[in-house]
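Residue-level listing of the chains:
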Amino acid sequence: MDDYGTESESDYTSYWRDWFISLRGNEYFCEIDEEYLTDRFNLTGLNTEVQYYQYALDLVTDMFDLDCDDEMRETIEKSARHLYGLVHARYIVTTRGLAKMLEKYKKGDFGKCPRVMCNSHPLLPMGLSDVPNLKPVKLYCARCEDTYNPKSSRHASIDGAYFGTSFHNILFQVYPTLVPAKSVERYVPRVYGFKVHAAAALMRWQDAQRASMRRKLRKMEVESGFKDNEAEELEDDEGEEDEEDEDNDVEIDDDIDEAGEEHPGQLTRYRGAGPVTIAGSGGGASSVPSAFSGDAHMGSVA
Amino acid sequence: MSTSSGTPESWISSFCSLLGHEYFAEVSEEFIEDDFNLTGLQNQVAMYKEALEMILDVEPEEDEEDEDEEEDEDEEDVSGDVGDGTTRRERRHHSRVASDLSVIESSAEMLYGLIHQRFICSRAGIQQMAEKYELGHFGVCPRTNCNQARTLPVGLSDIPGEDTVKLFCPSCLDVYVPPNSRFQTVDGAFFGRTFGALFLLTFPEYDLSRSAAEAAASLGRAADEQGMINGMYACNIAPGLGRDKIYEPRIYGFRVSELSRSGPRMQWLRDKPDDMSLLDEARRYHAEHDDDEDSDDDHSRSTRYSRRSTARRRPGGGGARQRQIQRQTQNGSPMAIEANGAESEL
Ligand SMILES: [Zn+2]
Ligand SMILES: [Zn+2]
Numbered sequence: 001m002d003d004y005g006t007e008s009e010s011d012y013t014s015y016w017r018d019w020f021i022s023l024r025g026n027e028y029f030c031e032i033d034e035e036y037l038t039d040r041f042n043l044t045g046l047n048t049e050v051q052y053y054q055y056a057l058d059l060v061t062d063m064f065d066l067d068c069d070d071e072m073r074e075t076i077e078k079s080a081r082h083l084y085g086l087v088h089a090r091y092i093v094t095t096r097g098l099a100k101m102l103e104k105y106k107k108g109d110f111g112k113c114p115r116v117m118c119n120s121h122p123l124l125p126m127g128l129s130d131v132p133n134l135k136p137v138k139l140y141c142a143r144c145e146d147t148y149n150p151k152s153s154r155h156a157s158i159d160g161a162y163f164g165t166s167f168h169n170i171l172f173q174v175y176p177t178l179v180p181a182k183s184v185e186r187y188v189p190r191v192y193g194f195k196v197h198a199a200a201a202l203m204r205w206q207d208a209q210r211a212s213m214r215r216k217l218r219k220m221e222v223e224s225g226f227k228d229n230e231a232e233e234l235e236d237d238e239g240e241e242d243e244e245d246e247d248n249d250v251e252i253d254d255d256i257d258e259a260g261e262e263h264p265g266q267l268t269r270y271r272g273a274g275p276v277t278i279a280g281s282g283g284g285a286s287s288v289p290s291a292f293s294g295d296a297h298m299g300s301v302a
Numbered sequence: 001m002s003t004s005s006g007t008p009e010s011w012i013s014s015f016c017s018l019l020g021h022e023y024f025a026e027v028s029e030e031f032i033e034d035d036f037n038l039t040g041l042q043n044q045v046a047m048y049k050e051a052l053e054m055i056l057d058v059e060p061e062e063d064e065e066d067e068d069e070e071e072d073e074d075e076e077d078v079s080g081d082v083g084d085g086t087t088r089r090e091r092r093h094h095s096r097v098a099s100d101l102s103v104i105e106s107s108a109e110m111l112y113g114l115i116h117q118r119f120i121c122s123r124a125g126i127q128q129m130a131e132k133y134e135l136g137h138f139g140v141c142p143r144t145n146c147n148q149a150r151t152l153p154v155g156l157s158d159i160p161g162e163d164t165v166k167l168f169c170p171s172c173l174d175v176y177v178p179p180n181s182r183f184q185t186v187d188g189a190f191f192g193r194t195f196g197a198l199f200l201l202t203f204p205e206y207d208l209s210r211s212a213a214e215a216a217a218s219l220g221r222a223a224d225e226q227g228m229i230n231g232m233y234a235c236n237i238a239p240g241l242g243r244d245k246i247y248e249p250r251i252y253g254f255r256v257s258e259l260s261r262s263g264p265r266m267q268w269l270r271d272k273p274d275d276m277s278l279l280d281e282a283r284r285y286h287a288e289h290d291d292d293e294d295s296d297d298d299h300s301r302s303t304r305y306s307r308r309s310t311a312r313r314r315p316g317g318g319g320a321r322q323r324q325i326q327r328q329t330q331n332g333s334p335m336a337i338e339a340n341g342a343e344s345e346l
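Here the protein sequences line up with chains R and V, keeping their order.
Taken in order, the first sequence gives residues 1 to 302; the numbers are from full-length UniProt numbering.
Taken in order, the second sequence gives residues 1 to 346; the numbers are from full-length UniProt numbering.
Do not rely on the hints blindly, as some may be mistaken.
What the hints assert, rightly or not - Covered stretches of chain V (in silico footprint by chain R; criterion: 3 or more residues with CB under 8 Å from a CB of chain R, positions within the stretch not fixed):
1) 47-55
2) 137-144
3) 164-175
4) 249-255
To be verified - Estimated spans, in silico, between C-beta atoms of each pair:
5) V:Pro179 - R:Glu103: 40 to 50 Å
6) V:Gly253 - R:Phe41: 49 to 59 Å
7) V:Gly253 - R:His121: 21 to 31 Å
8) V:Gly136 - R:Arg96: 22 to 32 Å
9) V:Gly136 - R:Asp67: 21 to 31 Å
10) R:Val131 - V:Asp244: 31 to 41 Å
11) R:Glu31 - V:Arg255: 24 to 34 Å
12) R:Glu35 - V:Glu248: 29 to 39 Å
13) R:Tyr36 - V:Glu248: 48 to 58 Å
14) R:Arg96 - V:Asp163: 40 to 50 Å
15) R:Gln51 - V:Ser257: 31 to 41 Å
16) R:Asn119 - V:Ser10: 50 to 60 Å
Said to hold, decoys possible - According to the in silico footprint, chain V covers these stretches of chain R (three or more CB under 8 Å from chain V):
17) 17-31
18) 36-49
19) 114-128
20) 176-184
21) 207-221
Source of the hints: derived by calculation from the structure; they are not laboratory data.
Backbone N, C-alpha and C fix where the C-beta goes; we use that ideal spot for every residue, glycine too.
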């Protein structure tokens with residue numbers, strides 16, 4: 001970490017950015033192109049955000065040659081990191097930047113979703129604010145669409161504004177095929193096999209919310225993106241009773257599907273049957289339910 | 001487990017102090033010594049008797065000594081030097097322990113885990129887990145909108161060897177992988193499927209939305225702000241969910257439309273009605289309007305009645321008895337009967 005300070009002034013090849021992104025704790029950052037950094041247009045407005053802006057920029061672009069004391073040096077160093085973070089937030093929503101972050105995403109550089117039902121889906125760094133010094137970085141899971149705290153304290157202290165509130169959402173707009181299939185699998189709290197009434201009532205309400213969202217999407221002919229449970233929910237169009245029946249039919253110890261426990265055979269059969277047929281019918285929603293009513297009830301799979 | 005070194009630490013407390021075993025409660029000897037609590041475990045672990053003795057720090061019984069004597073002689077002959085009576089005794093134990101130690105040790109861990117699953121659902125056990133919960137021993141929910149709400153260790157299965165321990169967050173009613181990899185070798189069955197939910201029903205007064213630090217600062221909060229709904233305090237039903245607790249994806253300040261291919265699809269998972277009494281009414285409405293289910297409802301109501309009496313005994317008795325009783329009351333009906341207001345009296 002401190003190696004750099006002693007060598008940089010004489011050694012132009014020890015690129016500051018290389019060093020910065022290789023620091024422990026800076027794994028979430030990608031390297032900003034020299035080209036991007038040297039285009040003043042990209043830095044508009046940052047001169048008022050960063051102390052010793054010009055020196056900091058020189059440092060980041062390996063042009064720093066000021067002879068100064070350690071204290072000053074330290075201040076400029078700090079400014080340089082802040083500047084890098086602020087530029088980073090802008091850079092990662094450019095075509096180049098998105099591609100770089102996508103690579104890191106694919107490698108799992110940002111960690112895995114801690115939610116059990118998300119099956120270690122890779123995360124993306126994000127900010128809850130675009131204004132610096134307000135909120136530390138969070139991690140976004142595109143599968144459950146929720147945000148989580150980084151596990152490590154060295155990540156928890158990074159400013160969320162260095163990633164911003166838009167980047168992770170833009171990524172999926174630009175690369176829509178990367179949007180992961182959504183799943184209705186969830187944890188069902190139970191006592192000796194019995195559902196807890198308060199939680200179960202809430203979950204039924206949530207299921208109804210989801211069903212109405214999916215009906216709405218279907219009317220607008222927008223893909224809902226759910227990989228499972230397609231038939232059951234489409235049938236809900238007729239009324240709510242079916243779903244209630246499903247609920248009551250679930251056997252005491254048979255919460256396999258809802259609880260997402262691993263029963264590979266069943267789940268494979270499920271995934272196999274669902275989406276393929278749907279796709280085959282070319283989004284013609286009305287033809288789907290009849291094809292499915294037979295075998296696709298989650299609850300009744302024994 | 002060299003207890004000979006002067007530290008009289010029991011097998012149980014040394015097991016619980018191992019790295020990665022931070023979630024375990026110390027099962028009381030009293031609980032283990034009640035055979036009733038161990039019903040059915042004999043067939044689940046190898047060398048059951050030895051494993052049980054190891055857990056309880058009981059020296060292997062001496063009455064077999066006579067039969068073993070000859071074997072001992074043989075062994076001694078082979079090894080050559082035989083001392084006086086006491087060293088012989090020690091040697092005998094030593095050789096026996098050495099040969100079986102690893103088997104007994106792993107059996108003991110398995111047995112302890114299975115007993116633990118039952119213990120933490122007993123009155124004494126759940127109390128001990130509550131103390132650990134209060135101290136934040138089980139960590140916090142990683143979800144941003146849960147604001148460091150404390151979690152509970154749970155299993156997704158009651159059968160050992162299927163999955164590792166997970167953390168149940170009462171604030172969002174979801175389960176998470178523990179952050180530290182050392183917990184990824186701990187069997188989830190040692191905590192089981194029941195403990196997490198039973199905890200909520202047993203301690204309805206806890207402020208589930210608070211972190212350990214916040215809770216320590218101010219304990220007594222009026223929990224009945226909104227009264228009871230479906231057997232729980234309304235304010236304690238998923239306090240981490242609902243309006244303002246749902247992530248809203250935005251691009252440059254504008255909401256990403258639901259109609260977009262990458263628009264939000266999972267908000268239901270973190271949603272909750274603004275007015276929780278809606279959940280009660282929905283059920284009432286359903287009971288009144290659906291003829292087909294009337295009979296079912298009656299049935300479940302009566303079942304619930306009989307369960308209520310068992311629920312009182314639950315914390316005292318240990319898992320096996322409860323399960324037996326419940327199988328009876330359940331009467332073979334495959335219905336998902338909800339533990340409505342299992343008014344545990346702790
Ligand atoms: Zn997730
Ligand atoms: Zn939570």
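Verification of the hints:
1. Counting residues of the region 47-55 of chain V whose CB lies closer than 8 Å to any CB of chain R gives 0, so the stated coverage by that chain is violated, three being the minimum.
2. Check on the region 137-144 of chain V: 3 of its residues sit with their Cβ under 8 Å from a Cβ of chain R, so the three-residue criterion for coverage holds.
3. Counting residues of the region 164-175 of chain V whose C-beta lies closer than 8 Å to any C-beta of chain R gives 5; at least three are required, and the coverage claim holds.
4. Note: the region 249-255 of chain V has 5 residues with beta-carbon separation from chain R under 8 Å; the three-residue rule is met and the coverage holds.
5. Checked against the given bound of 40 to 50 Å, the beta carbons of Pro179 (chain V) and Glu103 (chain R), roughly 25 Å apart, lie outside it.
6. About 22 Å separates the C-beta atoms of Gly253 (chain V) and Phe41 (chain R), a value inconsistent with the hinted range of 49 to 59 Å.
7. Between Gly253 (chain V) and His121 (chain R) the C-beta distance comes to about 26 Å, which sits within the given range of 21 to 31 Å.
8. Between Gly136 (chain V) and Arg96 (chain R), the C-beta spacing of about 44 Å breaks the proposed range 22 to 32 Å.
9. Between Gly136 (chain V) and Asp67 (chain R) the CB atoms are about 51 Å apart, so this pair departs from the stated range of 21 to 31 Å.
10. The beta-carbon spacing between Val131 (chain R) and Asp244 (chain V), approximately 20 Å, falls outside the hinted interval of 31 to 41 Å.
11. Glu31 (chain R) and Arg255 (chain V) have their C-beta atoms about 31 Å apart, which keeps the hinted 24 to 34 Å range intact.
12. In this structure the hint that Glu35 (chain R) and Glu248 (chain V) lie 29 to 39 Å apart at CB holds, the actual value being about 34 Å.
13. At roughly 30 Å, the beta carbons of Tyr36 (chain R) and Glu248 (chain V) sit outside the given window of 48 to 58 Å.
14. Take Arg96 (chain R) and Asp163 (chain V): their Cβ atoms lie about 42 Å apart, and the range 40 to 50 Å holds.
15. Checked against the hint of 31 to 41 Å, the pair Gln51 (chain R) and Ser257 (chain V) passes, with Cβ atoms roughly 40 Å apart.
16. A hinted range of 50 to 60 Å for the beta carbons of Asn119 (chain R) and Ser10 (chain V) is inconsistent with their spacing of about 39 Å.
17. Chain V is given as covering the region 17-31 of chain R, and this is violated because 0 residues of the stretch bring a CB closer than 8 Å to a CB of that chain, at least three being needed.
18. Against chain V, the region 36-49 of chain R contributes 0 residues with a C-beta closer than 8 Å to a partner C-beta. That does not satisfy the three-residue criterion, and the hint is violated.
19. Residues of the region 114-128 of chain R with a Cβ under 8 Å from some Cβ of chain V number 6, which satisfies the need for three, so the listed coverage holds.
20. Counting residues of the region 176-184 of chain R whose beta carbon lies closer than 8 Å to any beta carbon of chain V gives 3, which meets the minimum of three for the stated coverage.
21. With 7 residues having a Cβ less than 8 Å from any Cβ of chain V, the region 207-221 of chain R passes the three-residue criterion, so the hint holds.
In terms of the numbered hints stated before, the structure departs from hints 1, 5, 6, 8, 9, 10, 13, 16, 17, 18, listed from lowest to highest.
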